Amino acid sequence: MIQLDPEDLEEVRRVAREYSEAFRTADSRRALELTILPVVDCIDLGSRAGVYLMDAGEFAHLVEEHRHEDFTTEITSLDIQPLGKNAALARVEAEVRKPDGRVGQVEWVEFLARTAEGWKVWANWLGPYPEGF
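First residue of the sequence shown: 26, per our numbering; consecutive thereafter.
Because the hints were derived from the structure by calculation, they are not lab data. Predicted, not measured: the structure shown is a model, and the values here were computed from it. Hints may contain errors.
[As the list claims (entries may be wrong)] Cut-off 25 angstroms, straight-line C-alpha distance, at most; resulting in silico cross-link-like pairs (SDA-like, lysine to any residue):
hint, residue 1, residue 2
1, Lys145, Gly82
2, Lys145, Asp95
3, Lys123, Lys110
4, Lys145, Lys123
5, Lys145, Leu108
6, Lys145, Arg92
7, Lys145, Val131
8, Lys145, Glu132
9, Lys123, Asp52
10, Lys110, Pro31
11, Lys145, Pro63
12, Lys123, Gly82
13, Lys145, Ala85
14, Lys110, Thr140
15, Lys110, Gly143
16, Lys123, Pro31
[Unchecked claim] Derived CB-CB ranges, DEER-like:
hint, residue 1, residue 2, range
17, Leu34, Asp125, 35 to 45 angstroms
18, Ile27, Pro63, 18 to 28 angstroms
19, Arg39, Gly126, 25 to 35 angstroms
20, Leu34, Glu118, 29 to 39 angstroms
21, Leu57, Glu94, 12 to 22 angstroms
22, Glu58, Asp95, 21 to 31 angstroms
23, Pro124, Leu78, 29 to 39 angstroms
No residue lacks a Cβ here, since even glycine has one placed at the ideal position from N, Cα and C.
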């Protein structure tokens, strides 16, 4: 069984949580600091599925789009799966709340890798939002 050292596991958790927080608060500067470019965005929204490679400008724009969302997202669980000593997957589950009180669940997976600057997110797989959101 592959395991991360305890300090690496904590660092991966911290980076995954901070990365998700940067997205939720539309903090493109912080999100870029935690990202390996080009970022891979794999989107599955029913018939609109695709893989997109983004440079820094496109990625910053994607993060800043969250400024205009009409819902809030709160992480409810964060599960780390080591892939080796230098890579891990973070499965994130969150609760999505609309201003009208509707609540849904969403999940995504982040691929993290150890770099010379520390652990960073390389790819972000966005899961589908709850139906009606």
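These are the hints, each one checked on the structure:
1. Lys145 to Gly82: holds (18 angstroms)
2. Lys145 to Asp95: violated (28 angstroms)
3. Lys123 to Lys110: violated (39 angstroms)
4. Lys145 to Lys123: violated (30 angstroms)
5. Lys145 to Leu108: Judged against 25 angstroms, a Cα distance of about 14 angstroms means the pair holds.
6. Lys145 to Arg92: Cα-Cα ~23 angstroms, so holds.
7. Lys145 to Val131: At roughly 22 angstroms apart (the allowed maximum being 25 angstroms), Val131 and Lys145 satisfy the hint.
8. Lys145 to Glu132: Satisfied, since the Cα-Cα distance of roughly 19 angstroms is no more than 25 angstroms.
9. Lys123 to Asp52: With a Cα-Cα distance of about 21 angstroms, the restraint between Lys123 and Asp52 holds, given a limit of 25 angstroms.
10. Lys110 to Pro31: holds (11 angstroms)
11. Lys145 to Pro63: holds (12 angstroms)
12. Lys123 to Gly82: Violated, because 29 angstroms separates the two Cα atoms, which is more than 25 angstroms.
13. Lys145 to Ala85: Judged against 25 angstroms, a Cα distance of about 16 angstroms means the pair holds.
14. Lys110 to Thr140: Holds, because 12 angstroms separates the two Cα atoms, which is no more than 25 angstroms.
15. Lys110 to Gly143: holds (13 angstroms)
16. Lys123 to Pro31: Distance ~37 angstroms between Lys123 and Pro31 Cα, so the pair is violated.
17. Leu34 to Asp125: 35 to 45 angstroms: holds (39 angstroms)
18. Ile27 to Pro63: 18 to 28 angstroms: The hint (18 to 28 angstroms, Cβ to Cβ) holds, given that Ile27 and Pro63 are roughly 27 angstroms apart.
19. Arg39 to Gly126: 25 to 35 angstroms: holds (32 angstroms)
20. Leu34 to Glu118: 29 to 39 angstroms: At roughly 18 angstroms between Cβ atoms, Glu118 and Leu34 fall outside 29 to 39 angstroms, so the hint is violated.
21. Leu57 to Glu94: 12 to 22 angstroms: Holds, since Leu57 and Glu94 (Cβ atoms, about 19 angstroms apart) stay within the stated range.
22. Glu58 to Asp95: 21 to 31 angstroms: Given range 21 to 31 angstroms: holds, Cβ gap about 27 angstroms.
23. Pro124 to Leu78: 29 to 39 angstroms: Given range 29 to 39 angstroms: holds, Cβ gap about 34 angstroms.
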